[in-house]
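Colleague: Sequence:
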Amino acid sequence: MIFTPLELAGAFLIDVEPRRDDRGFFARTYCDEEFRAQGIDAVFRQSSVSFNAGRGTLRGMHYQAEPHAEDKLVRCTAGSVFDVLVDLRPRSPTRHRWFGTTLSSENRRALFVPRGFAHGFISLLDATEVSYMISVAHAPDFSRGFRWNDPAIGIEWPIEPVIVAPRDQSFPPLADGATI
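For the sequence shown, our numbering assigns the number 3 to the initial residue and increments by one for each residue that follows.
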């Protein structure tokens, strides 16, 4: 795997290194030893999938509050998404900065989202599927979010959303109390 550290400390883009032969290829997508060598000490306890029927489905911006903050390893296994993370760590020099990238079934890239970050995405194609490895079990009482279009954060989404869940639409702006 090829780990590319992001400007937001602790976050990484992770590319596979395919080993090709006549059958196609084989590539590792997770290895505890390689993650630890990069300083990533996440232990993944849950795996989830998000299927998005239509292009323009927006999910976010989500995070889990302490003591249930979560590390995530996010990969698009079908279709394509523009995936975003926002640093919410109180003492971080990159607090409230965001990073976005395209994850797709073609580029097979993953995004490591450390605890203390919010996460969201918009589907760029119909029938898009996103796979998550998550470090903690979901704790609904600690589930939080803020507005996907909060002008204080200024995420530059590549397309306008077509579908946004009522819950995601009702999130407050970050300044109105998003805390980890």
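What the hints contain is simulated information worked out from the structure, not anything from laboratory work. A quick note: this is a predicted structure, and the numbers were derived from the prediction, not measured. Keep in mind that the hints are not guaranteed to be accurate.
What the hints assert, rightly or not - Quick list of the computed label-pair ranges, beta carbon to beta carbon:
(1) Ala177 with Ile4: 30 to 38 Å
(2) Pro168 with Arg47: 26 to 34 Å
(3) Phe28 with Pro174: 39 to 47 Å
Every residue, glycine too, gets a C-beta built ideally from N, C-alpha and C.
Colleague: Lying within 39 to 47 Å: is that true of the beta-carbon distance Phe28 to Pro174?
Modeller: holds (45 Å)
Colleague: Okay, Pro168 versus Arg47 on CB: inside 26 to 34 Å?
Modeller: Holds, at about 29 Å.
Colleague: In this structure, is the beta-carbon distance linking Ala177 and Ile4 contained in 30 to 38 Å?
Modeller: Roughly 37 Å apart at Cβ, these two residues keep to the hinted range, so it holds.
The structure is consistent with each of the numbered hints, conforming to all of them.
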